[in-house]
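Those sequence lines, one after another, are chains A and B. Heads up, the first sequence is in this note's numbering, so the first residue is 1 and it goes up one at a time. Heads up, the second sequence is in this note's numbering, so the first residue is 1 and it goes up one at a time.
All the pointers check out, no bait thrown in.
From the derived model, a few chain A residues whose C-beta atoms are all more than 12 Å from chain B:
| id | residue |
| --- | --- |
| 1 | 10 |
| 2 | 138 |
| 3 | 283 |
| 4 | 317 |
| 5 | 332 |
| 6 | 333 |
Pair by pair, the computed Cβ-Cβ distance ranges are:
| id | chain 1 | residue 1 | chain 2 | residue 2 | range |
| --- | --- | --- | --- | --- | --- |
| 7 | B | 191 | A | 197 | 50 to 60 Å |
| 8 | B | 341 | A | 211 | 37 to 47 Å |
| 9 | B | 230 | A | 246 | 52 to 62 Å |
| 10 | B | 368 | A | 76 | 37 to 47 Å |
These aren't lab readings, by the way, just hints derived from the structure by calculation. Backbone N, C-alpha and C fix where the C-beta goes; we use that ideal spot for every residue, glycine too.
Now for the letters of each chain:
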Amino acid sequence: MSQRTSRGARVFCGLSGGVDSALACALLLEQGYDVTAVYMRNWSRDLPGFRCPWADDLADAERVAVTLGIDLEVWDCEAEYQATVVDYLVDAYAHGRTPNPDVMCNQTIKFGTFLERALAEGADYVATGHYGRVARGEDGRTALLRALDEHKDQTYFLWRVGEGALSRALLPVGEIRDKAEVRRMCAERGLGVEAKPDSDGICFVGPVGIRTFLLDALERRAGDVVELETGRVLGRHDGAFLFTVGQRKGLDLGGGPARYVVSTDVEKNVVYVTADHDSPALFTRQIELEDVRWIAGEPPAPGRYLVRTRHTGELREVVLDLAGPAPVLRFDEPARRVAPGQSAVIYDGIRCLGGGIVH
Amino acid sequence: MTPEREVYLDYAAATPVDPEVAAAMMPYLTERFWNPSAPYARAREVRDDVERARGAIARLIGARPDNLVFTAGATEANNLAFAAVEGHVVVDAIEHESVLACAATHARKTVRVGADGLVDPAVVARAIRPDTELVSVELANGEIGCVQPVREIARVVAAERARRLEAGEDVPLYLHSDASQAVGALAVNVGSLGVDLLTLSAAKIYGPKQVGLLWASDDVRLRPLVYGGGQEGGVRSGTENVAGIVGFARAMELVGERRGEESRRLAALRERLREGICERVPWAVVSGPRSAKRRLPGLLHVAFAGIEARRLVIALERAGVSVGTGSACAASRMRVSHVLEAIGMPRPLAEGSLRLTLGRPTTEEDVDYAVASIGEAVRAEAARLGLDDAGQAARVEALLEGWPGLTAHTSQNGPRTPPQNGGCAR
Chain A
1 MSQRTSRGAR VFCGLSGGVD SALACALLLE QGYDVTAVYM RNWSRDLPGF RCPWADDLAD
61 AERVAVTLGI DLEVWDCEAE YQATVVDYLV DAYAHGRTPN PDVMCNQTIK FGTFLERALA
121 EGADYVATGH YGRVARGEDG RTALLRALDE HKDQTYFLWR VGEGALSRAL LPVGEIRDKA
181 EVRRMCAERG LGVEAKPDSD GICFVGPVGI RTFLLDALER RAGDVVELET GRVLGRHDGA
241 FLFTVGQRKG LDLGGGPARY VVSTDVEKNV VYVTADHDSP ALFTRQIELE DVRWIAGEPP
301 APGRYLVRTR HTGELREVVL DLAGPAPVLR FDEPARRVAP GQSAVIYDGI RCLGGGIVH
Chain B
1 MTPEREVYLD YAAATPVDPE VAAAMMPYLT ERFWNPSAPY ARAREVRDDV ERARGAIARL
61 IGARPDNLVF TAGATEANNL AFAAVEGHVV VDAIEHESVL ACAATHARKT VRVGADGLVD
121 PAVVARAIRP DTELVSVELA NGEIGCVQPV REIARVVAAE RARRLEAGED VPLYLHSDAS
181 QAVGALAVNV GSLGVDLLTL SAAKIYGPKQ VGLLWASDDV RLRPLVYGGG QEGGVRSGTE
241 NVAGIVGFAR AMELVGERRG EESRRLAALR ERLREGICER VPWAVVSGPR SAKRRLPGLL
301 HVAFAGIEAR RLVIALERAG VSVGTGSACA ASRMRVSHVL EAIGMPRPLA EGSLRLTLGR
361 PTTEEDVDYA VASIGEAVRA EAARLGLDDA GQAARVEALL EGWPGLTAHT SQNGPRTPPQ
421 NGGCAR
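Bound-form chain A, shown alone:
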């Protein structure tokens, strides 16, 4: 275990009603921590066709807390969540980018508002059910490592959490071999949530998808779908902001071959597509980064690292070039283009160094 056991240290553990955070609470108790569970209510609005399950989730969180015999507090984080996650998401889409709201949520809510308030209330640590590991070195430095279970690793969403916040974080579930083990351990402890399905994707959008959410938040605006190679108008769309690079579904072109979004122009409201899955326009040799963050506070030495451009996506070798005005990642071979606004997260072996937003 890379986490020191501090008998009696106070931990505020986020408890969502899901499997992972339930086990996190249980494990911390078993390790001798003084645990207070907190349900962060970030969002409670229903969307057309999707009833927000927050009340059910809270009821599950309460079941877990009662079973473990610990306090459960409900913290209302809706205003911060709206400002830093939802508004950010809508604004990014409106500008033709494809953001990762979970990255913002971890930075500003879970390891932002939640951490600050917990510390103010006397916590020594905060904990969550994230799959990731916090390594505390002899030198007093703290590092973020990928979870033991590489298939569930969530460090892709944690790259904007700085070392200061990480030094206060406990991520007990990141030390567990796999999700089946997590469910088994929950069942053993009678926590009653072991059968809950994994929640993937953006929590407040649910199964209705980002399209419904965006059409609720932004104005529908009809525009052309244009074939990249010929400039021919192939069809119409409801707003270029709804589309993202590489997207295939949701293009209503009335039959014909499958087509892929190459780029979008939200100013002109045009979506460019190609039928060629191997079109050079879908590939790139380099990614320019903006809004770069390094967990340790300063950039690593230029050189070869690993990069991941989607959650649990392939880890590719890359050369980090810090010489220019903006950091650039260069691939040895052409790589599929990544939508602007996505996170590119950089690793040195299993250690997450930080990353940037794809320009």
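Start from chain A and add chain B according to the hints.
This is chain B only, laid out in the frame that chain A set:
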């Protein structure tokens, strides 16, 4: 992990369909499926069966069959009652949500209730205006179990009607009562109650859900909410729920046969439950009217100051005991039920309150198991929060002093008089 025993103590929320009721319904779900409005002889048979059921229920409540309108439950019946009037209405503050929501669509006066939940007929008399068209007071409350003085309120209404007649005013005035929660325990007769409109539900008397009725006297002209094929005298269109109506009638008959004995049995079980809980948790607070005549026999409302009821519900669920509570979680704060708010129950009590309702299948063993489980759950929570008996007793005493009119109801040394609305220790 499977609990040792399953004990259901939420019969005010839902009752299982009695096997005899289910048996009566079954043919109408399978071979006797015909539409009562169809022209052939078979259909005529089920039409007759519906009318027989209507007649049976009418007899049991002292009504004429053609004054009954079958609905999809009590909520619809209450809605139908309010749709009969347009003007000002008077309701009390602890009515069921369906009545309060209907009243909210009218000009209205909501009258207060006492700390035991009872409506004072004199307060109703003062609330009635010359343009009031409907007064609605339930016969019994499903949360704290108080039985309202509907006959006395009927006299108040009758006096106002007489005044209007003398004065030559032609504004009608009706009295409606929702007897859904009461009919299992109390004999309901529309004539002796003196009401003009009455709601009943099958779901609370071991009949099927989504079956209810509204009885309306000849004086009331009902206005339909559901239009269509003109069934139920045009007041409630839609093919009759034949199985449901037949089951409702059978459920009413069984209630009629068993009511007296069952009420006595439930009252004894409730006392056993109350005594058991008070013995284990001396600072428990029991609410509701003090007089046994003024409360439902199978309902115990009990509060544990400073303990979160929702946590008790979870702990009890783990022990196999299902109970109701007067508080629900809304947003990040606890929302106390409108009933507990209206009776002025202090928040630390309201948030820690359980509604325990006993029913036909409940046994002494069930009650004893529930007592042990409740005692254990409350003690575990109190220990977790560092609350001891002495401190809790003092806290309850202070809370009850701040709840006007209640200290008089508590009894210190009178074991024969149940200490309603009082701490067990007092």
